[in-house]
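Peer 1: Given only the sequences and the hints, what does the whole structure look like? Please build it.
Heads up: the sequence shown is residues 1 to 240, going by UniProt numbering.
Derived from the structure by calculation, the hints contain no laboratory data.
One or more of the hints may lead you astray.
[To be verified] In silico PhoX-like pairs for lysine-lysine, Cα to Cα no more than 25 Å straight-line:
no., residue 1, residue 2
1, K3, K25
2, K25, K127
3, K25, K8
4, K69, K127
5, K25, K69
6, K8, K69
7, K69, K237
8, K69, K235
9, K155, K127
10, K69, K3
11, K235, K127
[Said to hold, decoys possible] Ranges between beta-carbon positions, derived for each pair:
no., residue 1, residue 2, range
12, T125, E190, 16 to 26 Å
13, S160, Q12, 33 to 43 Å
14, R205, V11, 19 to 29 Å
15, K3, I131, 35 to 45 Å
16, P200, S239, 42 to 52 Å
17, L210, S239, 42 to 52 Å
18, Q240, F71, 12 to 22 Å
19, K237, S180, 46 to 56 Å
20, V11, D199, 18 to 28 Å
21, E219, S239, 24 to 34 Å
22, E190, R47, 16 to 26 Å
23, Q240, W209, 47 to 57 Å
24, Q240, R204, 45 to 55 Å
25, E216, P129, 39 to 49 Å
Beta carbons: idealized from backbone N, C-alpha and C, even for Gly.
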Amino acid sequence: MEKVESVKCSVQDGVLHICIDRPEKRNALTMPMFIAITEALREADQRGDVRSILVTGNGDVFCAGHDLKAFEEWPQQRHDPVPAFFHAIADVRKPLVIAAHGSAAGIGVTWLLHADWVVTSAETTFKLPFIDLGISPEAASSLLLQRAIGLPRAKRLLFSGETFTGADAYEWGLVAELSSPAEMRTRAMERATLLASKDPFMFRRIKDWLHPNSDEHHERIDQEVAEINAAVERKRKASQ
Numbered sequence: 001m002e003k004v005e006s007v008k009c010s011v012q013d014g015v016l017h018i019c020i021d022r023p024e025k026r027n028a029l030t031m032p033m034f035i036a037i038t039e040a041l042r043e044a045d046q047r048g049d050v051r052s053i054l055v056t057g058n059g060d061v062f063c064a065g066h067d068l069k070a071f072e073e074w075p076q077q078r079h080d081p082v083p084a085f086f087h088a089i090a091d092v093r094k095p096l097v098i099a100a101h102g103s104a105a106g107i108g109v110t111w112l113l114h115a116d117w118v119v120t121s122a123e124t125t126f127k128l129p130f131i132d133l134g135i136s137p138e139a140a141s142s143l144l145l146q147r148a149i150g151l152p153r154a155k156r157l158l159f160s161g162e163t164f165t166g167a168d169a170y171e172w173g174l175v176a177e178l179s180s181p182a183e184m185r186t187r188a189m190e191r192a193t194l195l196a197s198k199d200p201f202m203f204r205r206i207k208d209w210l211h212p213n214s215d216e217h218h219e220r221i222d223q224e225v226a227e228i229n230a231a232v233e234r235k236r237k238a239s240q
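Peer 2: Next comes the structure, spelled out in structure tokens:
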């Protein structure tokens with residue numbers, strides 16, 4: 001895996017810890033970061049020394065979503081790594097735990113829909129700004145969000161783009177656990193270590209039973225990517 005300074009990976013006690021480390025940009029993801037995280041997730045499923053995965057963010061926030069400037073500057077002739085990232089998070093076969101602190105937007109939120117255990121604080125803020133950006137929701141969130149929190153709430157969040165809190169997310173069933181900000185990483189590591197101790201075969205079986213239509217997730221990812229690309233192309237032509 002090619003090293004990307006803003007994505008730190010380490011393994012301890014069977015837990016692969018992926019830390020998004022770009023605090024000066026609120027951990028917004030660049031194209032090389034998408035590639036690095038995708039490769040880390042793919043490799044984790046193949047590594048015998050990895051039994052669970054923990055994702056955290058360094059600094060004041062978990063993840064501010066895509067770095068839109070970096071996205072616009074990515075050469076059109078180069079392969080777009082974002083769809084592969086979406087498919088990778090949908091494909092993870094080992095327990096995926098996320099500690100979402102401070103704030104999260106865009107992919108920083110939609111990623112949570114693919115996690116097996118999300119720890120956050122009541123004060124953390126979340127935002128799905130797609131409608132205000134003029135683009136489709138992503139990472140199968142147009143499908144998974146309504147299943148997680150119900151259709152009326154999913155409509156509310158996707159139609160308005162409003163900010164909601166960790167307390168809301170917990171009440172609605174979007175996250176598994178609330179913690180104090182100071183204890184969140186420790187709590188998330190405890191959960192990742194706990195899941196790493198479970199029978200891996202039975203974990204995968206239970207996950208398959210809970211998500212029996214995983215092919216549908218990938219189909220929706222591709223549909224959303226096509227919509228996003230079309231929207232970006234319309235904006236590009238309009239600006240010429």
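Peer 1: At the C-beta level, are Q240 and F71 separated by a distance inside 12 to 22 Å?
Peer 2: Once the Cβ atoms are compared, 18 Å apart, the range 12 to 22 Å for F71 and Q240 holds.
Peer 1: Can the suggested window of 33 to 43 Å be confirmed for the beta-carbon pair S160 and Q12?
Peer 2: Because 41 Å falls inside the window, the suggested range holds.
Peer 1: Taking the beta carbons of E190 and R47, is their distance inside 16 to 26 Å?
Peer 2: holds (21 Å)
Peer 1: Is the hinted range of 19 to 29 Å satisfied by the C-beta distance from R205 to V11?
Peer 2: holds (24 Å)
Peer 1: Holds or violated: 35 to 45 Å for the Cβ distance of K3 and I131?
Peer 2: holds (36 Å)
Peer 1: For the pair supplied as a hint, K69 and K235, is the alpha-carbon distance within the 25 Å limit?
Peer 2: OK: K69 and K235 at ~14 Å, within 25 Å.
Peer 1: Look at the Cβ atoms of P200 and S239 and judge whether their distance stays inside 42 to 52 Å.
Peer 2: Given about 49 Å between the Cβ atoms, the range holds.
Peer 1: So if I understand the rule, the pair passes when the alpha-carbon distance is 25 Å or less; does K25 with K8 pass?
Peer 2: Answer holds: K25 to K8 is near 16 Å, not above 25 Å.
Peer 1: Using the Cβ atoms, figure out if K237 sits within 46 to 56 Å of S180.
Peer 2: Because 49 Å falls inside the window, the suggested range holds.
Peer 1: Hint says 47 to 57 Å; check whether the CB-CB distance for Q240 and W209 agrees.
Peer 2: holds (50 Å)
Peer 1: Hey, K69 versus K3, does the alpha-carbon distance stay inside 25 Å?
Peer 2: holds (22 Å)
Peer 1: Under the criterion that the straight-line Cα-Cα distance not exceed 25 Å, is the pair K69, K237 satisfied?
Peer 2: holds (17 Å)
The structure does not agree with numbered hint 25 stated previously, though it agrees with all others.
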